[in-house]
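Peer 1: From first to last, the protein sequence lines stand for chains A and B. Every letter in the first sequence is one number past the one before it in our numbering, and letter 271, counting from 1, is 271. Our numbering runs 1000 ahead of the 1-based position in the second sequence.
Treat the hints as calculated values from the structure; they're not laboratory data. Everything numeric in this text was worked out from a predicted model, so none of it was measured. For every residue, glycine included, the Cβ atom is placed at its ideal position computed from N, Cα and C. Take the hints with a grain of salt, since some may be wrong.
Non-contacting residues of chain B with respect to chain A, defined by C-beta distances greater than 12 Å in every case (computed) [as the list claims (entries may be wrong)]:
#: 1; residue: Leu1112
#: 2; residue: Pro1147
#: 3; residue: Glu1248
Just some of the chain B residues that point at chain A, by a computed CB distance under 7 Å [unchecked claim]:
#: 4; residue: Leu1009
#: 5; residue: Pro1011
#: 6; residue: Asp1033
#: 7; residue: Leu1034
#: 8; residue: Gly1035
#: 9; residue: Arg1037
#: 10; residue: Val1052
#: 11; residue: Phe1306
#: 12; residue: Pro1307
#: 13; residue: Trp1330
#: 14; residue: Leu1334
#: 15; residue: Pro1337
#: 16; residue: His1342
Okay, the calculated bits of chain A under chain B, using three or more residues with CB under 8 Å as the criterion [to be verified]:
#: 17; stretch: 48-55
#: 18; stretch: 93-99
#: 19; stretch: 327-338
There are 2 protein chains.
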Amino acid sequence: MSVPVPTGLAPGAVLGILGGGQLARMLALAAADLGIRCHVFAPEPDSPAFDVAARHTVAEYEDEAALARFADGVDVVTYEFENVPAATAAFLGQRAPLHPGARALAVTQDRLSEKSFVDGLGLAVAPFRAVDSLADLEAAVAALGRPSILKTRRFGYDGKGQIKIAPGTDLADAYEAIGRFPAILEGYVPFEREVSVVAARGLDGAFAAFDVCENEHRDHILAFTRIPANLGRGAAATAIDAARRIGEALGYVGVFAVEMFVLGDGAAERVVVNEIAPRVHNSGHWTSEGAETSQFHQHVRAVCGFPLGSPGSRGRIEMENLIGEAALRWREILGEPGAHLHLYGKRDARPGRKMGHVTRVWTDRS
Amino acid sequence: MSVPVPTGLAPGAVLGILGGGQLARMLALAAADLGIRCHVFAPEPDSPAFDVAARHTVAEYEDEAALARFADGVDVVTYEFENVPAATAAFLGQRAPLHPGARALAVTQDRLSEKSFVDGLGLAVAPFRAVDSLADLEAAVAALGRPSILKTRRFGYDGKGQIKIAPGTDLADAYEAIGRFPAILEGYVPFEREVSVVAARGLDGAFAAFDVCENEHRDHILAFTRIPANLGRGAAATAIDAARRIGEALGYVGVFAVEMFVLGDGAAERVVVNEIAPRVHNSGHWTSEGAETSQFHQHVRAVCGFPLGSPGSRGRIEMENLIGEAALRWREILGEPGAHLHLYGKRDARPGRKMGHVTRVWTDRS
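The whole structure should be built from the sequences, with the hints applied where relevant.
Peer 2: If you want it as structure tokens, here you go:
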């Protein structure tokens, strides 16, 4: 038995959020604007989202007693990360409306099912092969060539769980390096740029995409997002249409991101879908000051069954992630005209840790 | 002994806020963006700010044990309302930096000291007389004429604690009606419009004023604020200069509002100071989407000793208060392009109660 989302949620309702990191924190801040109270559920006692939520629970995602108490006290459940255990999602989904739903999680938690799903929609993806053994890997490399990329099917993010198969790479070593986990091999895509579409789908099926944004990674971590993306009108329309079709096929409710590679230029320009994130996304952080509606407000609107807001953007925008010690520049950033600082309340600026971000907006007035 | 504000507060610091209403709530939301944790102290168990604060204390403002525990756990104290008891301010000020300081509270808590202070700066105010007895009132009315307005010196807001002395008003009845409290009589100012200047002064003395805004009251409660105000350049400069001088004379740190009447037109246009609010102010709510820096972020910056942000505004702006059942229009407002809804999480939409507000921004792009 799954619980239908009531269409009648109203301000005063309680939104349950699984995960207590910066995405949950920014969701809770947006929810407050709409008069929605948040209950954050996360295992880490010092979760950044706890500081801005009406209630929080510190418990493991496998703790069914804690999950039951949580579900009984909220009107709808959402999450900030795609690796919610399937059993947790199923357990919660029987007790409260869960958005995005179990299908979005199942498809996007596994790179093989994700790629197969996107491919099945007729959208461009990199060529791929399932790899469940060294023999599979050898056959896949023979088919897709080198360079190619070996990725674990599950739990990869920010470049973790993947290894490049270069001309000289020993395949047994590579398979060992990713821990012999179920994997896929992806053919090399000679992309020029990376873009993403952050979009929302409402409970009523309405769809609203933010402007396509261009992403610059450093050390496999998002460093900058820029609006507008360097992308022709045709390719941008294709990208947004791909997001729309993905959202519809998943019966999706909430905000999601589709990361894409851009190949070629001019008339030959085209986009290839790389990854789907069933949640608010780092490449959508620019919307807090750069769009009419932020991705966080939009997600809260969607999962509560409220009308979606306008996704229109306000000008030329840059989002810069503050990774590790970059956050120590906070005072300088506060002194920078037009810069909007967001810090996540994390105590320890470890290398590679996302500590905050800055949004810079240049409107026609500035 | 008073405690100097350290110039070195940094993200991770704890901001203590006295009062738990919507102003404290919006301060806490802004503080979170800057990585500042909040501890809200208020007597009402269902205070709206509790839902978004890392910690809260439910206690009376006279509870010194609770105040001491509060002060010991925070890095700086601020407040959302000007009627903080003097003893409470003094008690806290000995244990933690208090911003705005005790002088700002003392001057603005009492209409007589406030008017005398503004008058002493050479700024235009309505003529006024102290009224401590019926005889005082009779003498004051003889001097200032009718119509005039009798106001209690303390604890008035939104039109409470004041009564108009019209040609037919019986003075003994009027004095009875305001409870025979210490009062002042203010001469009638035949104003055309009401405006306010919301401004900030930093720990380093820096000053930043938002654009002068025009306020429309209904039933003595702010109904609309609009930017730009209908005010000539000269009068606007005078208004902002008045705010600057008030801030400097108070040694003020934080955001404050100066409400003013506008008299005359064209070259004869002039402003008369009506009231000072030593806190973020309803007439500054438009800054959340309408200015580069919101008044809430600005106040947190100021009291933490951070650099002030740019107060520049983004276009033509309207803020509409949602009073009582007006908040039931939330779904319609969510569907309105360009409207930004803010609800305060109050459960009970009583008549006259501020439940939320809407900001509408028309930029050059829209």
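Peer 1: Run every hint past the structure and note whether it holds.
Peer 2: Structure-based check of all given hints:
1. Leu1112: 39 Å, holds
2. Pro1147: 41 Å, holds
3. Glu1248: Non-interface label stands for Glu1248/B: nearest chain A Cβ at 22 Å, farther than 12 Å.
4. Leu1009: With a minimum Cβ separation of about 10 Å from chain A (threshold 7 Å), the hint on Leu1009/B is violated.
5. Pro1011: 5 Å, holds
6. Asp1033: Holds - the Cβ of Asp1033/B comes within 7 Å of chain A, reaching about 5 Å at its closest.
7. Leu1034: At about 6 Å, which falls below the 7 Å cut-off, the nearest Cβ of chain A leaves the hint on Leu1034/B intact, so it holds.
8. Gly1035: 3 Å, holds
9. Arg1037: 5 Å, holds
10. Val1052: Because about 5 Å separates Val1052/B from the closest Cβ in chain A, which is inside the 7 Å limit, the hint holds.
11. Phe1306: 5 Å, holds
12. Pro1307: 4 Å, holds
13. Trp1330: Where the cut-off is 7 Å and the nearest Cβ of chain A is about 6 Å from Trp1330/B, the hint holds.
14. Leu1334: 5 Å, holds
15. Pro1337: 5 Å, holds
16. His1342: This interface hint holds because 5 Å falls under the 7 Å limit.
17. 48-55: Held - the stretch 48-55 of chain A has 5 residues with a Cβ nearer than 8 Å to chain B, which meets the minimum of three.
18. 93-99: n = 0 at 8 Å, threshold three: violated.
19. 327-338: holds (count 7)
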